[in-house]
Amino acid sequence: MTELTTTAGPTGTSGVVAPPGPAPAATEASAGSGVAAAHMATWPFMWRLVRSSPWFFAVYAVFNVTFYGARVLPGLIEKAVFDTLTHAAPASVGIWALIALYVSVELARLATSSGMVWGEVTYQYTVGALLRHNLLASILRRPAALPLAVSSGDALSRFRGDVGETSDFPMWLPDTGAKLLAALAAIAIMARINLPITLVIFVPLSGTVVLARVLWGRFLRYARAGREAESAVTGFLGEIFGAVQAVKVAHAEETVVEHLRTLGATRQRAEVRKAAFYQLVQTIADTGTMLGIGVVLLLAGRAMAAHTFTVGDFALFVYYLWFTTEVPANLGMFMGDFKTQEVSIRRMEELIRPEPPVALVRPDPDLAHGRSPAVPYVAKGPADRLQRLEVAGLTYRHPGTGGGVTDIAVDLPAGSLTVVTGRVGAGKTTLLRALLGLLPADGGTVRWNGEAVADPAVFFRPPRSAYVPQVPRLFSESLRANILMGLPEDRVDLAEAVRLGVLERDVAALERGLDTQVGPRGVRLSGGQVQRAAAARALARDPELLVCDDLSSALDVETEQVLWDQLLARRERAGGTYLVVSHRRAVLARADQVVVLAGGRVAAAGPLAALLKTSEEMRHLWEGETRTTPAATPALGAEERTR
Amino acid sequence: MLTSLGVPLRLLARYLRPLRGRVALLGMLLLGSIALQLVNPQVVGYFLDTVQSGGPESLLLGAAVVFCALAVTQKGIAYAAFRVSQHVGWTATNALRADLTRHCLRLDLPFHKRHTPGALIERVDGDVSTLENFLSSFAVETLGNALLVLGVLAVLFHIDVRAGLGMTAYALLTFLALGALQRVAVGRWAASRQASADGYGFIEERIAGTEDIRPNGGEPYVMRQLYGLMRALMERLRTARVVSNLTFITTNFLGAVGYAVGLAIGAFLYLHGQISLGTAYLIVFYIGMVAVPLDTIREQVQDFQQAAASVGRVGALLRLTPTVSDVPGMNEGGGMTAGVLDTGPLAVELRDVSFSYDDAAGALDLPGDAADGPESNAGDAAAAGGNADARSDARTSESVLSAISLRLEPGQVLGLLGRTGSGKSTLSRLLFRLYDPTTGAITLGGADLRAIPLRELRRCVGMVTQDVQLFQASVRDNLTFFDHTVLDTRIRAVLDDLGLGEWLDGLPAGLDTPLGPGGQGLSAGEAQLLAFARVFLRDPGLVVLDEASSRLDSATERLLERAVDRLLANRTAVVIAHRLRTVQRADAIAILEDGRLVEHGPRRALAADPDSRFAHLLRTGLEETLV
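In the order they appear, the protein sequences are chains P and C. Position 409 (the first sequence) corresponds to 408 in numbering that gives the first Met the number 0; numbering is contiguous. Position 611 (the second sequence) corresponds to 610 in numbering that gives the first Met the number 0; numbering is contiguous.
No lab work stands behind these hints, which were simulated from the structure alone. What you are looking at is a predicted structure, and each value in this text was computed from that prediction instead of being measured. Quick reminder that beta carbons are idealized off the backbone N, C-alpha and C, glycines included. Check the hints yourself; a few may be wrong.
Which chain P residues face chain C? A few, computed with CB under 7 Å, are given here [claimed, not checked]:
id, residue
1, Val80
2, Leu84
3, Leu109
4, Tyr124
5, Leu139
6, Pro203
7, Gly206
8, Leu210
9, Phe218
10, Arg220
11, Val255
12, Val256
13, Gly293
14, Glu488
15, Val561
Partial list, computed: chain P residues near chain C (C-beta under 7 Å) [said to hold, decoys possible]:
id, residue
16, Ile98
17, Ala144
18, Ser151
19, Leu155
20, Thr233
21, Phe240
22, Ala242
23, Gln278
24, Asp285
25, Leu296
26, Gly300
27, Ala302
28, Ala305
29, Pro372
30, Val374
31, Asp555
For reference, chain P alone in the conformation it holds in the complex (with noise of 0.2 Å):
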């Protein structure tokens, strides 16, 4: 029906700040810069829609068409009422008969309703649990440090806004269709009673669904502010309780409301003007009902004393003007509920780009069959066996800023421990992720074993790879789901995973241990904490390579020195191959290589002794620190060990 070819913005506009302007221009802006994203018409997508849940649709529209269908039945009583009472018409039932007969004919038509409900919400939160699992699935399949286009509390505003309005959509079909299909018996009735008032009433009437329709045209772009507004609030709301000790601390719990009212302000008008926008028509709608009772009143006073129209008619016309005259406004409502549908699907697609919008709605055979999605174990199999990763020429610029890495080469044997070291920006945590496929790199190849790697993304996970990120995050539930994460209790040495990441001490402190509920974003913990547990998570999987970005920027002396211990003896025990980045000299001194970055590049690669002596940049870091001499201390990870 509406054929959508506009370009906007690619996802990922992240420079070091975002352009300036209000969000939606510069979405706008960027257009340009490349991406030309597809959209998806609505009618398409609410097709796939309904054929992703038929049989759920199906029970709602029997239902909806029976109940509103069955609204010409009491207009066609009444009208026998009157007419009997008149004398107009030969009593063949009775009066009290007929009114018997409406009480049932309406019980039965109400009771309809339940059913009506029931596949409503079932169809409705089945095709929107679709949704959300694409939602939900596209974002994790993104390159994960990518930032999402949008705020988290923004996003959240389209999982649950935009997603409950297009799973509501195609209930309007059945809807619609039914209250059309009602009004259309009744005209046919009402036009065989008599036909020149009934046309003087519908033909002005059906004007009024061209207008509707006009005027829903700005509903759109009220819709959208609306919409846009509402996110600003509840995007900013996220970030204070995200950030509720930074603003206790700063005692900013004033100004920080004073902005929200202001946003609120913003919200209030758009909200105001596109409801009352809405009301405006419905009220329209509603005058013509009055109206076209008024042009019964004064066209069948002449009839009516002629004979030719009964007071059952009469009754019988006012009845069906109730519903009948509706149907305009319904129409227009469903052609301005279709115009919003466009913003919630594109505001959708936004969420899920790069991917095609098509993904949003992709059925998924569990869903599809009510089944739970299955949690597959994958075992490592011989090709999982890392010999040798090797990386050439990897490169990724940050759009916007041209920072990144370029030009990475790095080779990896089996069993040895990289240490990637320089100073902020240097692009250390970049390299990582560029690696990981976290980032999609602009060029350089990455094989494992000597085979090049196609997808980065889909290649470096369990049993193959595992990742500590730099800030990693807990989710409320039990430590022991957070550490597992999906693998099968019997298949995992979860006791192992707990006593590498050095986490022992800390969950036999816990009173539930690890049945403890870690607290939203696993903060009930202190950051080392977080910082080990999300060690053990990775080693929980035995990965063949593991990654870990500044595992011990929250670690003491102590602690750090039992971890990379442990870690180098599991190696010794049982292989494993680690690429870290670190500035410690801890893990410096324990390196086979350290590759050190400077301004995205390698700057020197080697054994640390020999980049002492050979790398300025080296030196310039390790001496940045103090005037001690390098020496392991083995015997504090021992002592650690005893207690």
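Dock chain C against chain P, hints included.
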């Protein structure tokens, strides 16, 4: 129905009082609309009687025109009423949102550790949104429609006492039935809202944690969890809707019965020649009219069901009180007022301070929220929620800090050492009154922390933590926390001091440049420097640096040293770092182990004593940091 009215009505009163002018206008508009709705059927009745009695056509035409005019006027008034009610509803709910947000921000940290931002958004925005209609039109609509029903009854009594009596009985029956049904549905709605909060809290956390999930192969697990949550949401919502639909069925069925009764009464009276056909029709028409306001009242009641659940949840939130707050007696009666703290460096003293999380957390359970395990119904159950979870909470039960006593003179720098989980971060939070000590006391500039107004305290103490939290807002707002009174020149000077002047010049719109969501694109070092800038802007007398520079390389750190030196000059400071390098500038050293102060003294003396733990750490651990 009546028992649960108290809390919502108080909420109504509180947020509608400032809007009473608008509410009065709304009431008048609704009354006008009702009056017109009552008058207009009379025109139809008059019309039918005129037709039956063969009256002149001009009278019929006149009746038709009057009918149309009244109808159009009534619709116009109804539209105006809608506009006003929208204004009232949004103004009230936005005020409530702001109040709830402020309230949440004032609640203690343990509260925030229990409730995800997503779950809080669900309360502050989701629940409040369901209150919008309740606040904007519940009172006027319910009252207005009740008046309309009474008006119809009055008219029917006027027409015929039997018709009036019949309808009164019918209306009463309808109300009783609705009241009974309402009670069934409230709990279902609370359960479905809970499922909704669970689902969105889950999604929010996972969106924020993609870098943890994907590279560790967690997607299938996450997708299965999502499936379970979405299924629970569907089932609970379906139950709620189907149960609520019984109200719809009942109302409409009773409407049909009423209509049938009207038909019967009209027919009976007409057949016995007691009323005209026009009047008979009028009875049926009026009774048909009762169905609409009853239906509206029913809708309002249903809305009220949802509102009651939301009000319960909002009320439970509002009932929570921060344990850390200004103590009125100590502030006023004790003679402690704002301005008690000097602007210069402040002495800090801890006297026998112990702390355990259990006590602090007990009062902060929010029943029926996503973060809580055992679920309880919102509403009345909320009040009882209190300490229910505290005991079963999985938090470590032992003291985080025990019997810490130390003193820091004005201008001194204390280096705080200890392994992860030894209590360093907790101690620093105590200095800030993010928690209060379980026993013992902390004084700042000679005054008990609890006696210092929070505003004053947090003005005088600055803190830099490891996690820098940035907003999707301009650089300026990020630095000033939306405080528009801070001058640009001052911000500029601070950024220059930090060596960020060049960075600022490189921004497309200077201080107005918006930062992306979550400060995206900023490096950890830059973010850290911005966090420092925040503290510099406030010029506090005591600063707490909690591992402030652990992720900075030496080059960036040297950039900071200069500024940090300036910050520590003429200020008291507590510097927490795992890296010994950071403590080099300390005057005194304190070492924590398992929440106990195991060593405390001047840095030089401890370093010189070969048996001290500090000296031991210097020997074994100093090489552990390169940067």
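Structure-based check of each hint:
{"no.": "1", "hint": "Val80", "result": "6 Å, holds"}
{"no.": "2", "hint": "Leu84", "result": "6 Å, holds"}
{"no.": "3", "hint": "Leu109", "result": "5 Å, holds"}
{"no.": "4", "hint": "Tyr124", "result": "3 Å, holds"}
{"no.": "5", "hint": "Leu139", "result": "5 Å, holds"}
{"no.": "6", "hint": "Pro203", "result": "13 Å, violated"}
{"no.": "7", "hint": "Gly206", "result": "17 Å, violated"}
{"no.": "8", "hint": "Leu210", "result": "15 Å, violated"}
{"no.": "9", "hint": "Phe218", "result": "16 Å, violated"}
{"no.": "10", "hint": "Arg220", "result": "18 Å, violated"}
{"no.": "11", "hint": "Val255", "result": "6 Å, holds"}
{"no.": "12", "hint": "Val256", "result": "5 Å, holds"}
{"no.": "13", "hint": "Gly293", "result": "4 Å, holds"}
{"no.": "14", "hint": "Glu488", "result": "12 Å, violated"}
{"no.": "15", "hint": "Val561", "result": "10 Å, violated"}
{"no.": "16", "hint": "Ile98", "result": "5 Å, holds"}
{"no.": "17", "hint": "Ala144", "result": "6 Å, holds"}
{"no.": "18", "hint": "Ser151", "result": "5 Å, holds"}
{"no.": "19", "hint": "Leu155", "result": "5 Å, holds"}
{"no.": "20", "hint": "Thr233", "result": "5 Å, holds"}
{"no.": "21", "hint": "Phe240", "result": "4 Å, holds"}
{"no.": "22", "hint": "Ala242", "result": "3 Å, holds"}
{"no.": "23", "hint": "Gln278", "result": "5 Å, holds"}
{"no.": "24", "hint": "Asp285", "result": "6 Å, holds"}
{"no.": "25", "hint": "Leu296", "result": "4 Å, holds"}
{"no.": "26", "hint": "Gly300", "result": "4 Å, holds"}
{"no.": "27", "hint": "Ala302", "result": "10 Å, violated"}
{"no.": "28", "hint": "Ala305", "result": "10 Å, violated"}
{"no.": "29", "hint": "Pro372", "result": "5 Å, holds"}
{"no.": "30", "hint": "Val374", "result": "4 Å, holds"}
{"no.": "31", "hint": "Asp555", "result": "4 Å, holds"}
Comparing the model with each earlier hint shows violations of hints 6, 7, 8, 9, 10, 14, 15, 27, 28; every other hint is respected.
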